[in-house]
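> So the chains spell out like this:
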Amino acid sequence: MRKTIDNPIPLLLMASLILAGPGALQAADATLEYRGQSSNTTVEIQGTSTFHDWEMKGTSIGGILDFPAGTVFDLSQAALPGLKDGSLPASGTAIIPVRAMHSQVAVMPGVMDGVMQDAMKETNFPRIVYHVTELKLKTPHAAGQPFAFDATGDLAIAGITNKVAFPVTIEPMDKGKIVVRGTASLKMTEYKVPPPAPNIAGLGIMKCGDDIKVLFNWTLMQVPPKQP
Amino acid sequence: MKKKKNLSEVNRRDFLKNTSVAAFMAMMGGVELTARGAAQTPQPAGAEAPLTQIPSLPAVNYGVIGAGVWGRKIITTLTLLKNDSQFKNTEVVAVCDHYAGWLNRAGDLAPKAERFDDYKKLLAKPEVQAVVVATPTHQHRDIVLEALQAGKHVYCETPLAHTIADAKDIARAAQKAFKQVFQAGLQDRSHPHRHFLWPFIRSGAMGRNVLVRAQWHKKGLWTRNGNTPQRTAELNWRLDKALSTGLMGEACIQRLDGVTWFLGGPKLGGRPSFVTGFSSRILDNAGPDVPDTVQCVFEFPEGANSGVHFLCDATLCNSFDSEYEMYYGTDSAILMQPGDERRESKAWMFKEDDAPLLGWEVYARKDTFGAETGVSLVANASKQTALTAQGAAAPPAIEPIQYSLQSFTANAGAIAAAAKDYEELFGEADTPDYRAKLAEARKFIITQFPAAGWEEGLEATVLAIKANEAALLKQRLELKNEFFEL
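These protein sequence lines are chains H and F, in that order.
Counting from 1, one number per residue, gives the positions in the first sequence under our numbering.
Counting from 1001, one number per residue, gives the positions in the second sequence under our numbering.
No wet-lab data here; the hints were simulated from the structure.
Each hint should be verified, as a subset may be incorrect.
[Claimed, not checked] BS3-like, lysine-lysine: derived pairs with alpha carbons at most 27 Å apart:
id: 1; chain 1: F; residue 1: Lys1420; chain 2: H; residue 2: Lys177
id: 2; chain 1: F; residue 1: Lys1474; chain 2: H; residue 2: Lys121
id: 3; chain 1: F; residue 1: Lys1073; chain 2: H; residue 2: Lys57
id: 4; chain 1: F; residue 1: Lys1088; chain 2: H; residue 2: Lys192
id: 5; chain 1: F; residue 1: Lys1420; chain 2: H; residue 2: Lys121
id: 6; chain 1: H; residue 1: Lys136; chain 2: H; residue 2: Lys213
[As the list claims (entries may be wrong)] If the Cβ cut is set under 8 Å, some of the chain H residues that face chain F in the computed set are:
id: 7; residue: Gly36
id: 8; residue: Ser38
id: 9; residue: Thr42
id: 10; residue: Pro97
[Said to hold, decoys possible] Label-pair ranges, simulated between beta-carbon atoms:
id: 11; chain 1: H; residue 1: Lys192; chain 2: F; residue 2: Asp1340; range: 25 to 35 Å
id: 12; chain 1: H; residue 1: Ser49; chain 2: F; residue 2: Asn1083; range: 43 to 53 Å
id: 13; chain 1: F; residue 1: Gly1303; chain 2: H; residue 2: Asn124; range: 47 to 57 Å
id: 14; chain 1: F; residue 1: Ala1059; chain 2: H; residue 2: His52; range: 45 to 55 Å
id: 15; chain 1: H; residue 1: Lys84; chain 2: F; residue 2: Glu1423; range: 35 to 45 Å
id: 16; chain 1: H; residue 1: Thr161; chain 2: F; residue 2: Arg1435; range: 42 to 52 Å
id: 17; chain 1: H; residue 1: Lys175; chain 2: F; residue 2: Ala1397; range: 57 to 67 Å
id: 18; chain 1: H; residue 1: Gly159; chain 2: F; residue 2: Arg1435; range: 40 to 50 Å
id: 19; chain 1: F; residue 1: Glu1423; chain 2: H; residue 2: Lys192; range: 27 to 37 Å
id: 20; chain 1: H; residue 1: Asp154; chain 2: F; residue 2: Lys1420; range: 51 to 61 Å
id: 21; chain 1: F; residue 1: Lys1420; chain 2: H; residue 2: Pro81; range: 34 to 44 Å
id: 22; chain 1: H; residue 1: Glu171; chain 2: F; residue 2: Thr1431; range: 17 to 27 Å
id: 23; chain 1: F; residue 1: Arg1202; chain 2: H; residue 2: Ala142; range: 50 to 60 Å
Where is the CB? At the ideal position from N, CA and C, for every residue including glycine.
Just chain F, with the same shape it has in the complex (with noise of 0.2 Å):
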């Protein structure tokens, strides 16, 4: 019989999540690791109770400006959103494109939602609250700011723009616009996942950094065919020097984000200070004038990561072992599999035969790679729960992107509602109070949905953009600090 979900009903597992890695290993006896998702997959019969049930957060209308492949995916995420009871409150009350096709389709998955054919008329629209906005990188820039001066929480897709001027006068309205969320889409930042081997990692369990290596391989065409050459010039916008980032902007960033975010980032000595970049047109697979295969290498300033390169390589041309990132230590090796449709965000740690016994890997489930052998760092990985869970159904996978507009929708709820307790009681003036209440709210609610905000968006956003003007160039390029700051 299915068990009724209880309202107050907190599993032990989420109760845990946020403590310390080192204290949650001694309590669980190093069983397993695990992760806000954790708690919203169906568990097979017998094992621990499930389901943290918290009241849902406030309603957030959501316009979707551009409705290309991935604008639909965002609002078919949105609509998921739906079916868990803490967003339940979620709608999509708008989508917009120029094209009619696009724009009918979106309309379909949405069927509440008003179409609109001018992203300035969906952003004249009060109910609409927050906007995603999901167009060519290019046109980022000025619907980012004109929706920000709107009063919307903004959603921008990564890179934020194609060139760092553009990107940095988001990141400067993003700045400005105290009492709204503005939210870089880096899925990894809001994944549980993610947010559990962070720690994992910067407690030294792989020892010193030595290098580190991450990929993206899709075998395919980045050529799109309209029908009128007008729409055939507009879909091709990637294949254009001038309009692309290329595969290190348009593919990689997420994973330029995550390495350099897991060496430390900009604070803890993660921000490179050169790239140099290789790449050839091997199949024409990103038409004539922009590289089908690219490398990059990133070398970082002296400090915790002096010595260390990245290597990122991405390919139109072969599509084998598709993507990852392999961090390598002098303990032992870390590979980390991005989630997506098909599968959970994994990860595994190969240890030297040298390394010192870390305790809890004894109890962890193990994989078995060619001649290596990975201990699992993924949620619900332990020996124990890997035989209660023999006969049952794999879970469906959720997302990075649902993570990540979770994060978003209860950010914005948040803001929203502390923004109208704070007008309602003390006035609408910019004060330095104000702004305090909200940035405490911010504080709050961040802990538990986190999320890439506008530093995070420029950052990624600039290693691309040098990295690919680096691999067109097939040159090392130093990545000065100004380009960075605003």
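Looking at chain H on its own, in the form it has when it is part of the complex (with noise of 0.2 Å):
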């Protein structure tokens, strides 16, 4: 029988440290610690289906990335500091609670939330979990722009899980905060996710296409670093 897990912070966090050996420790203090924020948050799927263009919309990603010790994104430098290979090695993990999410059509959402959640397996896996493995830095950067990567890492929904890579950019806020947008093109099919077609008795059956897109400004703000 497949275990749920319902928090994977702490575990994800585990493994990270298990997985990074006896160094860990001292690399987990060398590192910045970014912390998603529950306000200024929004992601948004975005489909199509045989009556319409439809869309859920959610304010809650949750979750950790991680920076080497000393990235500082500074708009007005052409370069960023960290960078190995042109690759910032930074590592962490988005959560966002499936029934966070919510359609929005003007009649009857709840139906069009039921319809998702149940095609997605909500009830056995509750989160989609995105786990950052690298962010490749599009060069040059242009000074005043936010700076713009190429995304790599592992995408489960629905108990499935594959790798993904996507456009993001990091811009920094005030107050230690930093704005992380991005647009994933998916197709439902890849994780085993039948595309929905409610039967519409009289209208029809309203069949969803299989791509969609994921769109989301995540915002994030840094952790104080603990005192020795």
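Once you've looked at the hints, go ahead and assemble the two chains, each given alone in its own frame, into the complex.
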């Protein structure tokens, strides 16, 4: 029987430490940790159907991003300190509760939410989890613009994990905050999610398309380093 | 052959039900006016494909406090909810009553439930997520406050309390408990038929409001006999003037809430400004101290209901016509019958000869009442549906309490899930962000599963308490705004 992990953050942190070996604690000290904020965050899933385009929106992305110590997102600078072979050795996890995504249809949004939750096997897999493994900086960086990266990582939806790559930007804000923005194009069937096709009696089958687009604005705040 | 239910099958009526009345009528050509419950009733052969199947809502484990007749009805209804795929995770895990006889009967209805003779022990059980408080009215306050303090979602029967001070204590505690759902037991607030009728009436289909009448007529005795003098005294709390809210509170509160809601509520001129009461003891069916027949007249302030009077009467000495509300307007009158275990909630419109033609009523089913003809305002009542349904057995009535508990279950489950999500991702601290996220989740779920909160509960409780007071004093009393404000 598949076990559901309700809160993967502590487990992921523990796994990272184990995999990183004896130097892990030291390495952990040498990172800048940013933690997802509950405000000023949006996530949107856009799709198509035989009736009309549809979208689901949410405002919750939790999780953490770790950057090497000394990383400074200064838009006025052409370079970004801490790069290794053009990539920022970042790691972290973004988590979206499936139930926090809501259909934007004017009529019976709850039914459409239910249809999507059913398709995504929400009961067994209540979270969409993305684990970033690489952030490759797009060069040259234009001063004043957000830093642009090609992000690579593992995306787990409905119990299926796939490697995905999509562009993101990171923009520093005030008070130690950053905003990560991005758009990922996915296919539902790649995650064994059957495109929903609710039969609306009298109106016919509303068949959703396989392709979806996920757009997000994720606000994170730097966690103050612990005093020794 | 019975048609197999498809998990992703959505009934067109459900798909359209939340559209505006105008859009709905335009699309349906004035056919039928339907609501949430309609999709749950069996459909006759050849009728439109049935059923919306939505994945089940989060599990909610209940404790029911108070195992009298109504408490046991609630337990039965909660167990019935499991027949609906959306609510299949609902469980009654605890029941409580200090009287062993009732506790045993309640336990028999919910075999998996742990039995408690003290509500404090029930509240200490972490697996109890939500409680229904169905004790005598004067006992609500302490139980509700402790339940909210213990982190439980609370469904409190109405009247919330027998005094305005106690009702305000409950309302304040419910307002403060932002992570929990508090629902007042005003069943019509969750009834899909009422939610269909409300915009219909507010859209002006009756013309200008003239007057309103409501009644609760049930011949019977309030006196109860226990096996000891102490038990008899406990059972007869409604006969004690100090504890009882009388017929206005214990029998008419649903009507007081329904009518004032439909007249606009406190924000749209539907809060009465005065109440005048009359009362008598015709047969002493409510004992020697509490009247068994009561009439109250509510007056409304200047505004949308200027000059409108609402007459509400109740008696234990006659049963004719049972319960109803009658709204009289310059263009038409509307009769509403609340549902019960025998019948669905129904309504009819009686048009004046000089009223403008609305159009859709041509297609609607008509029913005759003596010399009057009423246009049916109930779900599945078009001529077309009536023809299709010929020969089919009448579907079982869904009682208002079932809708009410559905809403509570859905709301409690959704808010608990949203709180769990938030705390796992962002921590448990009480921050404005946390409150905003839960308020957002609450707003979303309440539009699908409407329910009375502490505001509506307090409003109706104050009306009932003051109406009872006016009836006992046989006086005209002012309904000051301060009575309703925290």
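> Each hint needs a verdict: does it hold in this structure or not?
Hints, verified against the model:
Using a Cα cut-off of 27 Å, the hinted pair Lys1420 of chain F and Lys177 of chain H holds, with the two alpha carbons roughly 25 Å apart. Using a Cα cut-off of 27 Å, the hinted pair Lys1474 of chain F and Lys121 of chain H is violated, with the two alpha carbons roughly 62 Å apart. A threshold of 27 Å between alpha carbons decides the hint, and for Lys1073 of chain F with Lys57 of chain H the separation of about 40 Å lies outside it, so the pair is violated. Restraint check for Lys1088 of chain F and Lys192 of chain H: the C-alpha separation of about 26 Å stays at or below 27 Å, so the hint holds.
The straight-line distance between the Cα atoms of Lys1420 of chain F and Lys121 of chain H is roughly 18 Å, inside the 27 Å bound, and the hint therefore holds. Between Lys136 of chain H and Lys213 of chain H, the direct Cα distance comes to roughly 21 Å. Compliance with the 27 Å bound is thereby established for this hinted pair. Below 8 Å, beta-carbon pairs count as interface contacts, and Gly36 of chain H has one with chain F at about 7 Å; its hint therefore holds. Look at Ser38 of chain H: its Cβ gets to within about 4 Å of chain F, closer than 8 Å, so that hint holds up.
Taking 8 Å as the C-beta contact cut-off toward chain F, the hint placing Thr42 of chain H at the interface is violated, the least distance being around 12 Å. Interface hint at Pro97 of chain H: satisfied, since its Cβ lies 4 Å from the closest Cβ of chain F, which is below the 8 Å cut-off. The beta-carbon spacing between Lys192 of chain H and Asp1340 of chain F, approximately 48 Å, falls outside the hinted interval of 25 to 35 Å. The given range of 43 to 53 Å is broken by Ser49 of chain H and Asn1083 of chain F, whose C-beta atoms sit roughly 31 Å from each other.
The beta-carbon spacing between Gly1303 of chain F and Asn124 of chain H, approximately 54 Å, falls within the hinted interval of 47 to 57 Å. Taken as a hint, the range 45 to 55 Å is violated for the pair Ala1059 of chain F and His52 of chain H, whose Cβ atoms sit roughly 34 Å apart. A hinted range of 35 to 45 Å holds for the C-beta pair Lys84 of chain H and Glu1423 of chain F, which are about 36 Å apart. At roughly 34 Å, the beta carbons of Thr161 of chain H and Arg1435 of chain F sit outside the given window of 42 to 52 Å.
Look at Lys175 of chain H against Ala1397 of chain F: about 58 Å separates their beta carbons, and that is inside 57 to 67 Å. Checked against the hint of 40 to 50 Å, the C-beta distance between Gly159 of chain H and Arg1435 of chain F comes to roughly 33 Å, which is inconsistent with it. Between Glu1423 of chain F and Lys192 of chain H the beta carbon distance is about 30 Å. The supplied range of 27 to 37 Å therefore holds. Separated by about 24 Å at the C-beta atoms, Asp154 of chain H and Lys1420 of chain F break the suggested range of 51 to 61 Å.
For the hinted restraint 34 to 44 Å between Lys1420 of chain F and Pro81 of chain H, the CB-CB distance of approximately 39 Å keeps it satisfied. Taken as a hint, the range 17 to 27 Å holds for the pair Glu171 of chain H and Thr1431 of chain F, whose Cβ atoms sit roughly 24 Å apart. The supplied range of 50 to 60 Å is met by Arg1202 of chain F and Ala142 of chain H, whose beta-carbon atoms lie about 56 Å from each other.
Hint check: violations occur at hints 2, 3, 9, 11, 12, 14, 16, 18, 20; the rest are consistent with the structure.
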